Structure formats: structure tokens, C-alpha cells
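Each chain is listed here by its residues.
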Amino acid sequence: MLKINNLHCNVNDTKVLKGLSLSVNEGEVHAIMGPNGSGKSTLASVIAGNENYEVTNGSVRFFDKDILDEAAEVRARMGVFMSFQYPVEIPGVTVSNFIKIAVNETRKARDLKKLSSAELLKLMRHNLDLLKMDHHFLSRSMNDGFSGGEKKRNEIFQLSMLEPKLAILDETDSGLDIDALKIVSSGVNSLRSEKRSFIIITHYQRLLDYIKPDHVHILHNGKIIKSGNASLALELEKNGYDGIIK
Amino acid sequence: MKKTEKQIIKESTEGDYKYGFVSNIESDTIERGLSEKTIRLISSKKNEPDWMLEKRLAAFNLLKTMRQPRWAHIKYPEIDLQNIIYYSAPKAKVLKKSLDEVDPEILKTLNRLGISIEEQKRLTGVAVDVVIDSVSISTSFKEKLSELGIIFCSISEAIKKHPELVKKYIGSVVPAKDNYFAALNTAVFSDGSFCYIPEGVKCPMELSTYFRINEAGTGQFERTLIIAEKNSYVSYLEGCTAPIRDENQLHAAVVELIALDSSEIKYSTVQNWYPGDKNGKGGVYNFVTKRGVAHKKAKISWTQVETGSSITWKYPSCILKGDDSVGEFFSIAVTKNRQQADTGTKMIHMGKRTKSTIISKGISAGESNSSYRGLVNINRGAVNARNFSQCDSLLIGGRCGAHTYPFIKVKNNTSMIEHEATTSKIGEDQMFYCQQRGIGEKEAVGLIVNGYCKDVLQHLPMEFAVEARQLLEITLEDSVG
Amino acid sequence: MTELSNNYTGSSLESACVKMAPYILNTHKSSKQVVVFLNNHLVKSLTDLSCLKSYSTIELEQITNGKKIHGGLKLDTINELANMTKDSRVVFVLNESVKQEPITIYRLFSDKMLPDHSNKVGFYIPTKTSITIRERLIFDTESTSCSNNFWIIDKGSSLTKYRLLESSFFKETSHDSKESFYQGENSLCNSFSFFLGNNDKSSRGVLNNKIFSELIGKSCNSNHRSISFLRGSACVKNKIKTIHHNIDCNSHEIYKGVFDHDSQGEFDSLVVVERGAINANTVQKNNNVLLSSQAKIDSNPQLEIFTDDVKCSHGSTTGQLDADAIFYLRSRGLSLNQAMGVLLKGFLTEVVEFLEDEEICKEIENSLKNLIKV
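Protein chains in written order, with numbering that gives the first Met the number 0: chain D, 0 to 245; chain V, 0 to 480; chain S, 0 to 373.
Wrong hints could be hidden among the right ones.
Result set (BS3-like, lysine-lysine): computed pairs, CA atoms no more than 30 Å apart in a straight line [what the hints assert, rightly or not]:
#1 D:Lys-150 x S:Lys-240
#2 D:Lys-113 x S:Lys-43
#3 D:Lys-121 x S:Lys-284
#4 S:Lys-372 x D:Lys-113
#5 S:Lys-119 x S:Lys-31
#6 V:Lys-410 x S:Lys-240
#7 S:Lys-372 x S:Lys-170
#8 D:Lys-150 x S:Lys-284
#9 D:Lys-17 x D:Lys-211
#10 D:Lys-121 x S:Lys-372
#11 S:Lys-238 x D:Lys-107
#12 V:Lys-54 x V:Lys-345
#13 V:Lys-408 x V:Lys-320
#14 D:Lys-150 x D:Lys-107
#15 V:Lys-408 x S:Lys-310
#16 V:Lys-354 x S:Lys-344
#17 V:Lys-408 x S:Lys-31
#18 V:Lys-345 x S:Lys-240
#19 V:Lys-74 x S:Lys-310
#20 D:Lys-112 x D:Lys-131
#21 D:Lys-64 x D:Lys-222
#22 D:Lys-99 x S:Lys-310
#23 V:Lys-354 x S:Lys-284
#24 S:Lys-240 x V:Lys-408
#25 S:Lys-31 x S:Lys-200
#26 D:Lys-113 x S:Lys-344
#27 V:Lys-345 x S:Lys-284
#28 S:Lys-361 x V:Lys-410
#29 S:Lys-372 x S:Lys-240
#30 D:Lys-222 x D:Lys-237
Hints in this document: simulated from the structure, not taken from any laboratory. Predicted model, so just to flag it, every value in this text is computed and none were measured.
With the hints as extra help, turn the sequences into a complete structure.
Shown next as C-alpha cells:
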């Protein structure tokens, strides 16, 4: 479904990605690991379509369609979801209203009929229960005054509502304590399916204890330098990045 | 030698004003009054070239058409320019090569001020250019600085030795027509400092000048010009104390900073002139124009601790002309008794991605009035400019006033401007907490005020910060209860 | 009740008014709780007089001299008030309506009718009265019109007031408005002003909006909230002065502005806390979003504090919509316009959420929707 070929990308005139290639099939879970500054978050932002990142070479194809020229919202409606490392606070906009607009826009693009407020509310409550989240959540302002854990749970909640084909989790484990980590990962696990793929970006192995990846890639200096199965993450845990990078 | 808090309070309670004494130095003083003749006299006494005299006379003609500004939140009687002595120099017969040649009375004065030149030289590595009244008496570390090509001398000397630099830059940032006091200063300035840092040179020590008003009824009209060439750095300290006078003394200085591409100028001031007595009698009138222009990627940083003067009218400003230039203003202004302070800054954003930060802390006690007045002006071309301002006022006692007048003008939608301000009294819970832990009321005020000012104090050079902290405590210790 | 000679009567005036604002006056003509002014003069035939308890100069003297208005008024302020009201011809004493229904005041300005609109109009809200006003300003004029009102909110009373300008105002009209609020002990003033322009790029209306608020009694609460949303080269200048005369008073100002094209805004607000007016709590907030590179804003939130036991704060921000937030929203499937709309709506919530009047709330939301186009 996702095919990245020889991707080069600049941020503020600095080369960050230098020929990255990656291929993800339906239903697969890929973990991308790497030290700070290796380009992990850049990769997520480029796939999601952040305009601050300038692609200088290469291609990103999603279901055989080049998406690099598409706006962020078009990609989102096609089924690309990114869970932000730092979810943005939007004072004055409630979670429920936000999700209502997002869901119905996505449905419109997919030629599905709009959901009524009542239908949506029912669905939101149902998904909140699945994620063990309080219903009061819906009437709060987006991420405004949320704790770190609440913000990450809000991201997973939106993931559950938007039903994307590809979900990219950018450092979803950062800033979470062990209990919050368990809740978030069980939420993610419940959303896994044969049709939905995940790219999990993380610095540490610990998230992968809870979400088992099919493939693990090590990103260093803007390129994937090693790929393997879940055991690669364990090897990394044991030897550190230095052991692999040499 | 570090004084304990108790000692400081004791000293300050025993004497009204620590630095209130008159030194008996023989002076060369001209008659009161201002006329073309006075200006010609000043110029000739200083052996100035004709172009300088012409500048002075032009400024004097402008001055005659101007009026004293009245927009500030300060009250004072019209200043009579004819009742001021415009030139007073200690009689120096020959130029001195070492301190031994300096009038022992002057050295005594300096020692009583606690800034003995030897001490300064040996302990802190600060090159001190001491100005008593209007003429530079002694400059130290000159050789060391000149090895690096740094020029640090009196402005009079610079006019004679480096006319091309002075001619090019003087009045380029603060033209005489800028305001009444700038015109006055340009017409009659007696002396001041000149500083030139060549390209690529980082000045290895803090350059410092201690100003001191001495002669009765003498107006001080300092002129300071600092030029930082490309990629250079300089930190400049200005500190002031003045003896008690019943007659109000006018001080109208002009400071101009020129920060060329990628250079940085840091300008710090501790101002502790005689503030007048409890009834508002005496004290220095301080009308100062300070402004710097920052070229490409240059940075200008103003830090000030203002505790003295009966009237302070002062707005150190930055013109952020070059792309990516940065302006900063950190200020503490303390007023008590009947002091009046109207101070703040102007940040003029012209270049792209220019950034400015303003942090102002006003503390009012007694029957004083303290105002913050600031302008943030984002011009149309200042794409992606950023400003953050925070202006807090603290009130001690129910008879003082604290005022905030920020002006924000935005003509570019890519800019981001944030301004915050709070006004409050010292927290009762904070006071109680301190007292419950055995800290006396006065000490607690000092402690809380110092904490409150921390954001600004940390921008002062080390030794200056210590002095400023002590000054805050001394200033405020009798304002509670 | 004394009849006032300068009030408009007669059918020609009535028809002039109806001609000016037919869609409103035709529907409201027979309805209750409507007060109509044309060029600052009361149009009796269109007004439901039951809203007004009485209106006369004699009553006014009683109000200003007697203790009726007292509420901790200082003597010099009473005198000042007397002087101020002396030359104004009318002070309307507002009658509390039975079911707390809001009173709608139509203020029509036309240069086709009598050009004299310098008349000062005052409203008095008696003790322990709670009143809601919808004030609608409608213009049929190309010259600069002006209005000068004052509101006396007596001890223990509350005024909630919504001021709306027709969006067509901003096409090419100019108006100078001055409103003064005098508040007695324990009184509450909730004022909302909405200056919502239209999508016409050639709009060039100018509104000078002066608000003068005096908190005279103890424990007054004063809230002024406003939204300006302008396009074209329209301009709104808010000049506000709030004076705390007495203890335990709170004043809140929230002014939000969205400026597109060449439009410009000004927020010039001064809060004064007088000596002895302790325990004052003041907030001045001005937030602006500039949607175009040609839009301009001046923001001057000023404070003059003469006593120590106060909590005063002001905040001013000006900028664009946050690029990160826009990307976040787009990554969730919203278009650029939708993302901007959502953010603008969120930006304006701080004012809109305080609207208790459902009809007004709907109307404002609709106008904003038209402007934002989500």
C-alpha cells in the first residue's frame, strides 16, 4: 500500500532524509527506530504532508498513487493518519465538534453519507469506552490543558474515529508513564486489522513490548541502515545504537 | 569583600544617602546660562574641530524652536536652561600617565565610592573610564585594549583622534532633532565615552564608566558612542552615583549604539543618583535618550537597574534594521518617596525575522509613581518578526502609583506579538510564609523583590548583579511599615 | 409625565423609519418591547411605551439630586452627573419587563431626516432591576453620524446589553459612538458589541467606538466583550476608559479582532484604579488575527494604578493563525479553509460562549459563519 522510494528531504536547507526507501503492505506493523536526529519524525511529517519539509528527490506512493503533491487533508481523507508527537492545542474548539467535522469531511471524500450528530455521538461514546476514556472528554477544548497522557489518548481516540488505512504513530510513547503506555497500546492493538497498517516511530524498545511489530527498521543519518523482524529491536535494546551503527 | 544584608541595612539606615558627600576638587567652571557664546566657549575649551562646533550650533538653533516634552507621566517645573552651568572640569594642567599624577582628592572620592581604580584593575579586570563631572580623568587598560585595535576613550579625545569615525556615526542614531533633550545634549555635551570594536574582535573585558555629578548646579550632558564592527562583541557597563544637592540637577545624556552585521552590543546600567529627600526636595532630573541600530544578524541588549533620580525619563530603544537582528530590553525601575520614573523602550522592527524581547519590572513605594511606556512597531517589511513583552508592576503601600502604557503597532500579518502585564502588591501569603520562617518584614520584602526581579538581574554581568541586588535592598528597606 | 416637544410624532416619520428598515419594523411594529430612535430622537409612534416607566427632565433631576441614584456615589461625581445630564434632553427610566423579556432598541440614522443627531440619550436602570437590551444600529446615511448615550445602573441592578451593527454599515458608513456607563453599588454591567463586516472587498466603513465606564459604587462588576471581524478597508477604533472609584470592583475587557484585506483595528484601553479603590480586579485582553499582509492593528492596553491592593493584568496578542494548528487540522482531513474556519471559531469562543441570549447567539453564529465560510 505504501511505497517510499529514494526519498530525499530538506528542513530549513539542511538535508535530513538522504535516500530512504520503505515498503509497507496491508495489515503490517512496521517499527522505525533510530537515535535522536536520525530523521524519524521528519519521515512521519513528510508522509502526512507537512509543507515545512521540502522533498528534493524520490517518491511516496500510497495505493499506487503519488501523494507528494497532495495537500495534507487530501492524504488524510485517503486514509493516512499521523499521531502527533506534540499534539497541538486549539483553545475554544471542543473535541466532539472537531471530530464531527473531521469524520464527516473524510466520509464526504469517500462518498459516504454524513453522519448525524446523534449517530456520531453514539460512535464517539462507544470508542471512548473501548479506550477506557471519560465521556467528559468530548466537551473539553482540543488538547487545551490536557496532560501528556491525555493528549496521546486523544490522538488514539481520533485514530479510532477516522478509521485510516495507514496510521503513523510518531513517538506516541514519549512522555507516558507505564500505565498510560499500557492503555494507549491496548487501544492501538484493538484497532489493528488486516486492512490497516501501522508505522510506529519510537526511540525505545519498550513500546514494542506491547505492540508487536512485523518488521523493524533502523534509521540512521537519513537512511534505513538495517531491517529485520521483531528480534532486531531486542538486539538493539541489548547493544544500543552504537552496536549497530558501528 | 561581601557585605551581609544586615550590614547593608545598617549602613543605609544610618546615613540618608550613602554617596551623599561633596568632594573638594578644584574646578574650572564657566558662568551660568546658555547662548551661542556658551557653546563656542565649550567647543574652544575642548579644542574641537570646526565641524563639531557647527553640529553644536545647528542643534542649538533647533533647540530654540523646540519645547520640553510633556507627554510622560511625570510632573516637574519647567527647567530653566539659563540657570545651569554648562562646563565644569577639574583643573588638569597636564595629561596624566599614571594614577600617581591624579589629584589625591579625586582618588579619595573614588575610594569612598568603593570603586578604587587599583582594586578595579586588579580584582575584576574591568577597564574603568572615570568621569567626574565632565572630563575624563583617568583611563586604564588602554594599552591592552589598543593591542586588539579597540578604541576606548573620551568622546573629546575621539573627536580629535578619530574624527572620521565620530563624524560618520555621531547623531546617526539619535539626531539632534529627535527630541528636546537630544538637541540640548548635542549643543552642549561636555564629554562622555567613545568605544570602537574592530571587525571580528570580541572585547575580552567589560568596558565600564562611572559617572558622577559633582559640581553644585552643574548639568551633565554625557555623549556616548559605541560602534561594533562586523562580527565583534562588546559588553559595556555604566554605573552612577551622585552627591546630595538641594538644587535639582539636570542630566540629559545621549547614548548611541551602532551594531554592524553579526555584532553584539550589551549595554548595562545601574543608576543610583540622588533621588531627592522624603519631601521630594532635590534630586537629579534624568532625561536620557538611548538608542541603538542593529544591522544584519546583530544584537543589541539593554539592561538597566534604575533606583535613583527624582525624575527618570528614559527609553533605551532598538532599531532592528537588518534582517535577523535582535533587540532586548531588561529593566528594573524602583521608585520611592516622591520619585517619578517614566521608562521603557521602543522596538522598531524593520528587517525580516527580527526578534525583540522586553521584560520590565516596576516597583513603586511611598508616594512615588512608576510608569512603563513602550512601543513595539512592526513595519510592513518585517516579515516573520517576533516580539514578546512582559511588564510587571509591584506596589508597596497605598499611596504610590504604577502605570503601564504599552503601544503596539502591527503592519505585518506574519509577525507574532505577545504582550503580558500584571500589577499587584507584594503577596501577603509570601510575606507570611517568610515571616513564619523567621524572616523579618524588611528582609522579606528584599527577598521577594529580588526574586521578582530575577529575570532581569540575571542579564547583568556578574559583579554588577551583586551591586544591583544590594542596591535594591538598600533602596527598599525603609519603604515598608 | 411631561411631554417632550422634540420627540418625533406623525406618520411621515414613522413611514420614513419603516422605509429605512422595513424588514425589522414591519415585523415588530405591533410587537412589545420595542423602542425606536431616529437620529437619537425617540419615535413615539413606533415605541412600546410600556418599556419606559417614564421619561422626563423632572424625573431626571430627582434621580441626580435625590438619593435614588446613590449607591456609594461621591459628591463630586453626583454633581458631575447632574452637569452631564442637564443638557441632555431625555433620560429614559427603563421598566423591568414582566417575563424578563429583552427590550429591543432600534437606533436609526438617516441624513434624509433631520440632520441633528447630536442629542444625548440617557437610560436609567432603577435599583434592583434586571434588564436585557438588544441594541441594533441601522444606517441610511453617507455622512458621519454620531451617537452619545449614557447608562446609569443603580444599586443592585444589572444590565445585559448586546450591540449589533448591520453588516451593511461597513460598506461606506462612518459613525462616532460614545457610550458612558455609571455603575452603583453591587451593580452588574454585561456589554457585548459585535462589529461584523461583510465579505465585500470594497467595504470602507469606519466606526469610532468610545466607551467610558465609571465604577462608582462598591462591588461593581463591569464586563465588556467585543468581536470585530472586518474585510475590505473597514476600520473599528475602540477607545475605552474604565475608572475604579470604589472598593471591591471587577472590570473585564475582552476584545477580539479578525482583520482581512486592508482593514484595520485599534484597541486603546485605559484602566484607572483610583487611590483607595482597593481590592480591584481588572483584566484587559486584546487578541487579534491578521488574515492579510495589508491589515493593520494598534493595541494599547494601558493601566494607571494609584493604590496597592489590586490585581491588574492585561494581555495583547497579534499574529496569524498558527501554522502548526492548521497542519494538524489538515492532517485530520479538513481543507485549508475549513481549518482556518475552525481556528477562527475557536479564537472567538472566548466571547461567544458568554452569550446567554439564544436569539442573539444564533444571529452572531450565522454572521460569523458567513464571514468564515466553514
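Could you work out which of the previously given hints the structure breaks and list their numbers from low to high? Those not satisfied are hints 1, 2, 3, 11, 17, 22, 25, 28 and 29.
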